[in-house]
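A.B. asks: Next come the chains, spelled out residue by residue.
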Amino acid sequence: MPPLLEVADLHMHFFTPDGVVKAVDGVSFSLEPGMTLAIVGESGSGKSVTALSIMRLVPEPPGKVVSGDIRFKGQSILALSAKEQRKLRGNRIAMIFQDPMTSLNPVYRVGKQIAEPLRIHKGASRKEAWDAAVELLTRVGIPRAAERARDYPHEFSGGMRQRVMIAMSLACGPDVLIADEPTTALDVTIQAQILELMQEIQARTESAIIMITHDLGVVADMADNVLVMYAGKPAEFGKASDVFYNPLHPYTWGLLHSNPRHDVEEKGKLVPIKGAPPSLIHLPEGCSFHPRCAYAREICRVVPPPLVDIADGHLSACHFSHEPEFLANAEYCFAGGR
Amino acid sequence: MSTDPGKLAESAALGLEGAAKLPTPAHHDEVVDKSRTLRGDAWRRLRKNKLAVAGLVWIVIIILIAVTAGLWVPRVLGDPTFIDTAKVATQSLNPPSHAHPFGTDTLGRDIASRVIYGARISLLVGVLAVAIMVVIGLIAGALAAYYGGWWDAVIMRTADIFFAFPWVLFAIILIAVLGKGFQNVFIAIGVLGWPSIARVFRSSILSVKQNEYVDAARSMGASTRRILFRHITPNSVSPIIVVATMSVGGAILTEAALSFLGMGVVPPTPSWGGMLSEARSYLFSAPWLMLYPGIAILTTVLAFVLLGDGLRDALDVKMKD
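Those sequence lines, one after another, are chains A and B.
Residue numbers for the first sequence follow this note's numbering, so the first one is 172 and each next one is one higher.
Residue numbers for the second sequence follow this note's numbering, so the first one is 300 and each next one is one higher.
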């Protein structure tokens, strides 16, 4: 059995007048039913482009898959015709967008929008699709769903709209659900509700989830695997518990540092990662993280580190991840933790 | 947008979840049954704008009068074009009276009757010219926005060239080529007016295209055609409705200007601009000749502009009240 979804050494580059932007540069992962993969990184690390590539929503040109492949149930998505790709989108692979305030069409009733994928993919009649939409709204926890389906998006609050978006993405019972920062635009309390809802849905439907976020806290309970991306490249990949409690890459240390933790006794200071992500057109030589890395040595400035399996499926793209004395530097991230 | 202080206080008191949505016990059924539509909402907002309602009422009145003119005007006020040679001497340039509420012109024709028949010409020219503008403008704007690149450059530069010419002058040239007459007047105005519609539609589509819901629709597997017609166009047309409404006023004004210059509708067919032109020589001796067609042009154009202005606010879907 091929994996449900497999991204193999994907290189998605943008050819702009200013130069080639290597937005995604060698990303690989695979996904099985019921699994959750979190893709973590700063803005501009390529995590959204990875998601959009899977959806085939990257405008081409300027975007282009230079090499690599995306396979759904063993079938290359890239090789499909536009029409066949459309049959997958919203049907087998669905996406939840970041900002629920702008991702619903203001001129249609919410019920009609949720019904749309059913009308497109399942050939449902207007009535059937509407009834299904009401049912979906109930499932995502919207009270008085039959009435609320008749409302327009502006009559919903942000959290409610994200529920509507989730209902829409679930309409066709997709195998893969891609959530691009689904909680970033929401209040903290609402964030928790939305994440809970997604977990609950996953438990029921066995769909695989790709959760894109820059907030490690969000994925801590939810993700099975974590992919940390930096400047379009994978920095670290592994089981969530490994990445959280035994991080190998200095960039991951930085991310963990800059995240407030309520489970750590000592009130440590938050330490931001110095500097800003590099321009994807003019990447630094060697390891692209070296200008911001406190532990950078001569080799980092020259040789790009390969992504290496350090311990049983826990991968890291750092020259020193296999040195125990180097990893000791990570300790103080969790002073008093663990 | 609610200016009703009572309602504001009520919303404030009820707090969060949209005060209007909470049914009061007494009107429970009414509130639940009230099926609210976007058009209904827009109509409700439009009704709150007094000036726009005044404009709309005036337009409806003019249309009703113009449409039914044939039934009663010749009998009550007199024929707008017929010249009774026997009576010209006594009927010429009479001031407003009971028999002729707006007075008579040099040839003894009833001005009220001519103003009413002139409304037919003005409204028809306005509507037909704008219809031509909108058809050409929508197609051009859509092609420019959807396809972009080369299409965009050619269409928008052509539009710029149209903008660069003085409108009335260009219309005169066109009419000089096509020949005078009612038909050529609205064709000329329509053909010259499309660039503004095309521009507005193009920029509207381009801004709507940026919206995340367009990506969301694509992520749902919607086809390009579905996205264009169901997601982009409905969100792009409201500025067109506004511009078109205002353009009717503009077209009426242009027709009047052309007729004033003798390039419009051919006499004896009455038109407001033509009547103004005839009135020039009698500005002081018989001011009613100029006054009534002038008022007709002013109020009608104003009505369309006010209505357009009101529509702009009413059609904004994001506006809550």
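Derived from the structure by calculation, the hints contain no laboratory data.
Incorrect hints may have been included.
The list that follows gives simulated cross-link-like pairs (lysine-lysine, DSS-like), each with its CA atoms no further than 25 Å apart [claimed, not checked]: (1) A:K283 with B:K508; (2) A:K193 with A:K235; (3) A:K254 with B:K508; (4) A:K244 with A:K283; (5) A:K258 with A:K298; (6) A:K254 with A:K244; (7) A:K445 with A:K193; (8) B:K508 with A:K235; (9) B:K508 with A:K258.
Now the in silico label distances, taken between C-beta atoms and shown as ranges [to be verified]: (10) B:L477 with A:T355: 54 to 62 Å; (11) B:T367 with A:E306: 51 to 59 Å; (12) B:Y446 with A:E456: 40 to 48 Å; (13) B:K347 with A:S328: 36 to 44 Å; (14) A:R297 with B:A430: 29 to 37 Å; (15) A:E306 with B:K347: 52 to 60 Å; (16) A:G205 with B:T523: 45 to 53 Å; (17) B:D615 with A:G484: 51 to 59 Å; (18) A:S328 with B:S502: 26 to 34 Å; (19) B:L423 with A:M272: 38 to 46 Å; (20) A:H325 with B:P373: 48 to 56 Å.
The beta-carbon is built from N, C-alpha and C at its ideal position, and this holds for glycine as well.
A.B. asks: Take the hints in turn and mark each one as holding or not.
C.D. replies: So, going through the hints one by one against the coordinates:
In summary, the hint linking K283 (chain A) to K508 (chain B) is supported, as the alpha carbons are separated by about 20 Å, within the 25 Å threshold. Taking the CA atoms of K193 (chain A) and K235 (chain A), the gap is about 10 Å. The hint holds against a cut of 25 Å. Between K254 (chain A) and K508 (chain B) the alpha-carbon distance is near 21 Å, which keeps this suggested pair within the 25 Å criterion. Straight-line distance between C-alpha atoms of K244 (chain A) and K283 (chain A) comes to about 31 Å, which puts the hinted pair past the 25 Å bound.
Straight-line distance between C-alpha atoms of K258 (chain A) and K298 (chain A) comes to about 22 Å, which keeps the hinted pair within the 25 Å bound. Annotation: proposed proximity of K254 (chain A) to K244 (chain A) holds, straight-line Cα distance about 18 Å (limit 25 Å). Among the hinted pairs, K445 (chain A) with K193 (chain A) is consistent with the structure: their alpha-carbon atoms are about 22 Å apart, no more than 25 Å. Pair hint K508 (chain B) plus K235 (chain A) holds up; C-alpha atoms about 21 Å apart against a cutoff of 25 Å.
Proximity of K508 (chain B) to K258 (chain A) is assessed by CA-CA distance (about 22 Å); at most 25 Å being required, the pair is judged to hold. Judged by the Cβ atoms, the range 54 to 62 Å given for L477 (chain B) and T355 (chain A) holds: they are separated by roughly 60 Å. A C-beta distance of roughly 54 Å is found between T367 (chain B) and E306 (chain A), which places it inside the suggested range of 51 to 59 Å. About 41 Å separates the C-beta atoms of Y446 (chain B) and E456 (chain A), a value consistent with the hinted range of 40 to 48 Å.
Under the hint 36 to 44 Å, the C-beta atoms of K347 (chain B) and S328 (chain A), about 25 Å apart, miss the expected range. Distance hint for R297 (chain A) and A430 (chain B): a CB-CB separation of about 32 Å, consistent with the stated range 29 to 37 Å. About 37 Å separates the C-beta atoms of E306 (chain A) and K347 (chain B), a value inconsistent with the hinted range of 52 to 60 Å. Between G205 (chain A) and T523 (chain B) the beta carbon distance is about 34 Å. The supplied range of 45 to 53 Å is therefore violated.
Distance hint for D615 (chain B) and G484 (chain A): a CB-CB separation of about 54 Å, consistent with the stated range 51 to 59 Å. Separated by about 31 Å at the C-beta atoms, S328 (chain A) and S502 (chain B) satisfy the suggested range of 26 to 34 Å. Between L423 (chain B) and M272 (chain A) the Cβ separation comes to about 45 Å, which falls inside the hinted range of 38 to 46 Å. Take H325 (chain A) and P373 (chain B): their Cβ atoms lie about 53 Å apart, and the range 48 to 56 Å holds.
Checked against the numbered hints given earlier, the structure breaks hints 4, 13, 15 and 16 and satisfies all the rest.
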